[in-house]
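**Student:** Kindly generate the complete structure, drawing on both the sequences and the hints.
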Amino acid sequence: IGCDAESRLVCFFLQVDKSAELVARWYYCALSQEKLCRPIVACELGRLYNKDAIIEFLLDKSADKTPMEAASHIKSIKNVTELNLADNPAWSGDKESIKGDKYDDLQSARFICPVVGLEMNGRHRFCFLRNCGCVFSERALKEIKSEVCHKCGVPFQEEDVIILNGNKEDVEVLKKRMEDRRLKSKLEKKSKKCKPAESASQQDTAEDSPGPSKAKNGKDCINSSSGEKRQIIFTKSSDNGNSSVPGKVNKAASTTTKRSIADSEEKSEAYKSIFTSHSSAKRSKEECSNWVTHTAYYF
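Numbering-wise (the UniProt record's numbering), the sequence shown opens with residue 1 and increments by one.
FYI, nobody ran anything at the bench for these hints, they're computed from the structure. Note that the coordinates shown come from a computational prediction; the quantities given were computed from them, not determined experimentally. Don't take every hint at face value.
Derived lysine-lysine pairs resembling DSBU-like cross-links, with alpha carbons at most 30 Å apart [as the list claims (entries may be wrong)]:
id, residue 1, residue 2
1, LYS193, LYS176
2, LYS186, LYS175
3, LYS61, LYS189
4, LYS61, LYS18
5, LYS18, LYS35
6, LYS195, LYS51
7, LYS168, LYS142
8, LYS175, LYS145
9, LYS78, LYS35
10, LYS176, LYS195
11, LYS195, LYS142
12, LYS184, LYS151
13, LYS151, LYS51
14, LYS195, LYS61
15, LYS189, LYS75
16, LYS189, LYS175
17, LYS78, LYS175
18, LYS65, LYS35
19, LYS175, LYS51
20, LYS145, LYS65
21, LYS61, LYS190
22, LYS192, LYS78
23, LYS186, LYS18
24, LYS184, LYS61
25, LYS184, LYS18
26, LYS193, LYS61
27, LYS151, LYS190
28, LYS78, LYS168
29, LYS145, LYS35
30, LYS175, LYS190
31, LYS51, LYS65
32, LYS75, LYS186
33, LYS18, LYS142
34, LYS75, LYS184
35, LYS193, LYS78
36, LYS168, LYS192
37, LYS176, LYS142
38, LYS75, LYS175
39, LYS175, LYS18
**Tutor:** Here it is as structure tokens:
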């Protein structure tokens, strides 16, 4: 009889420890050990946290910061997912135990599965979708198989399903998936950074290596530049004669026009009489106007 009593006591204490462990994992934050309250987030290993505690943990950059094993794998707020939880209508909340004269039944879960109605109290396996954060029981996902979320319709894959507070085997599988995802994201970031550098190097090599079309263009440029030089040299050497520069064409043309007119004046007396400088065009003093007139012939 004594052996039976001892075994019963051991089983009782084991049950108490197990229930206390379930309460600690499903009702309290894994980082701050405070009671879970919205907004609630979950990491890639399936642990539950208060979002405020995660933000404070990430913002604390002090040197004497105590290392937290429960959040050592969380490097940024992107490593956690805010959960979309369904309230349990049978849960009365903390209103009845405000004065301390009511028993707070910790086995009564605050949240339930929105598909099959199981309570999220640790007795049933629950999981969430990493894409949308909706929480379901594992039984709901197995019985009602679908490639989209039952609550919001977001598509998901098997790798996006994360077990909440799973056993050691579940945690090992989730940890391997987390490492694979992070390695993949690092490689994608490196490839994105390398693409602009490769495109810039390709452009530089294309500019340095003269292709057929570029060599032709280079000859054209050389020809055009040599043509400009020749034109400038021709313009400088032919300042006294005709010029091929557009800005000096009119000046040279006017000079040649004046010279041709002077030559024609020497040749034709009749042609010279057209101009006011001819002696026939000059007036005598008597023909000039007096001071009353407005012309300049008086002077």
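**Student:** All the hints need checking, so say for each whether the structure fits it.
**Tutor:** Hint by hint, here is what the structure shows:
1. At roughly 26 Å between alpha-carbon atoms, LYS193 and LYS176 fall within 30 Å of each other, so this suggested pair holds.
2. With a C-alpha separation of about 17 Å, the suggested pair LYS186 and LYS175 falls inside the 30 Å cut-off, and the hint holds.
3. For the proposed pair LYS61 and LYS189, the alpha carbon gap of about 25 Å is at most 30 Å, so the pair holds.
4. Only pairs whose Cα atoms come within 30 Å are accepted, and LYS61 paired with LYS18 is rejected, the gap being roughly 35 Å.
5. With a C-alpha separation of about 18 Å, the suggested pairing of LYS18 with LYS35 holds against the 30 Å cut-off.
6. Restraint check: the Cα-Cα separation between LYS195 and LYS51 comes to about 36 Å, which exceeds 30 Å; the hinted pair is violated.
7. Simply put, LYS168 and LYS142 have alpha-carbon atoms about 21 Å apart, close enough for the 30 Å limit, and the pair holds.
8. Straight-line distance between C-alpha atoms of LYS175 and LYS145 comes to about 25 Å, which keeps the hinted pair within the 30 Å bound.
9. Only pairs whose Cα atoms come within 30 Å are accepted, and LYS78 paired with LYS35 is accepted, the gap being roughly 23 Å.
10. With a C-alpha separation of about 29 Å, the suggested pair LYS176 and LYS195 falls inside the 30 Å cut-off, and the hint holds.
11. Proximity of LYS195 to LYS142 is assessed by CA-CA distance (about 43 Å); at most 30 Å being required, the pair is judged violated.
12. Among the hinted pairs, LYS184 with LYS151 is consistent with the structure: their alpha-carbon atoms are about 29 Å apart, no more than 30 Å.
13. A C-alpha spacing of about 22 Å is found between LYS151 and LYS51, which places the hinted pair at or below 30 Å, so the restraint holds.
14. At roughly 34 Å between alpha-carbon atoms, LYS195 and LYS61 are farther apart than 30 Å, so this suggested pair is violated.
15. Restraint check for LYS189 and LYS75: the C-alpha separation of about 17 Å stays at or below 30 Å, so the hint holds.
16. Among the hinted pairs, LYS189 with LYS175 is consistent with the structure: their alpha-carbon atoms are about 21 Å apart, no more than 30 Å.
17. At roughly 16 Å between alpha-carbon atoms, LYS78 and LYS175 fall within 30 Å of each other, so this suggested pair holds.
18. Pair hint LYS65 plus LYS35 holds up; C-alpha atoms about 23 Å apart against a cutoff of 30 Å.
19. At roughly 21 Å between alpha-carbon atoms, LYS175 and LYS51 fall within 30 Å of each other, so this suggested pair holds.
20. Simply put, LYS145 and LYS65 have alpha-carbon atoms about 45 Å apart, too far for the 30 Å limit, and the pair is violated.
21. Of the supplied pair hints, the one linking LYS61 and LYS190 holds, its CA atoms being roughly 27 Å apart against a limit of 30 Å.
22. At roughly 20 Å between alpha-carbon atoms, LYS192 and LYS78 fall within 30 Å of each other, so this suggested pair holds.
23. Restraint check for LYS186 and LYS18: the C-alpha separation of about 40 Å exceeds 30 Å, so the hint is violated.
24. Of the supplied pair hints, the one linking LYS184 and LYS61 holds, its CA atoms being roughly 27 Å apart against a limit of 30 Å.
25. With a C-alpha separation of about 38 Å, the suggested pairing of LYS184 with LYS18 is violated against the 30 Å cut-off.
26. Under the criterion of a C-alpha separation no larger than 30 Å, the hint pairing LYS193 with LYS61 is consistent with the structure, at around 28 Å.
27. Distance restraint check for LYS151 and LYS190: the Cα-Cα separation of roughly 36 Å exceeds the 30 Å cut-off, and the hinted pair is therefore not satisfied.
28. At roughly 24 Å between alpha-carbon atoms, LYS78 and LYS168 fall within 30 Å of each other, so this suggested pair holds.
29. Annotation: proposed proximity of LYS145 to LYS35 is violated, straight-line Cα distance about 33 Å (limit 30 Å).
30. Straight-line distance between C-alpha atoms of LYS175 and LYS190 comes to about 23 Å, which keeps the hinted pair within the 30 Å bound.
31. For a cut-off of 30 Å, the pair hint linking LYS51 to LYS65 stands: about 19 Å separates their Cα positions.
32. Among the hinted pairs, LYS75 with LYS186 is consistent with the structure: their alpha-carbon atoms are about 14 Å apart, no more than 30 Å.
33. Taking the CA atoms of LYS18 and LYS142, the gap is near 26 Å; set against the 30 Å cutoff, the hint holds.
34. Under the criterion of a C-alpha separation no larger than 30 Å, the hint pairing LYS75 with LYS184 is consistent with the structure, at around 16 Å.
35. A C-alpha spacing of about 21 Å is found between LYS193 and LYS78, which places the hinted pair at or below 30 Å, so the restraint holds.
36. Only pairs whose Cα atoms come within 30 Å are accepted, and LYS168 paired with LYS192 is rejected, the gap being roughly 36 Å.
37. Proposed proximity of LYS176 and LYS142 is supported: the alpha carbons are some 23 Å apart, at most 30 Å.
38. For the given pair, LYS75 sits about 14 Å from LYS175 by alpha-carbon distance, which is consistent with the 30 Å threshold.
39. Of the supplied pair hints, the one linking LYS175 and LYS18 holds, its CA atoms being roughly 24 Å apart against a limit of 30 Å.
Taken one by one, the earlier hints fail for this structure at numbers 4, 6, 11, 14, 20, 23, 25, 27, 29 and 36, listed in ascending order.
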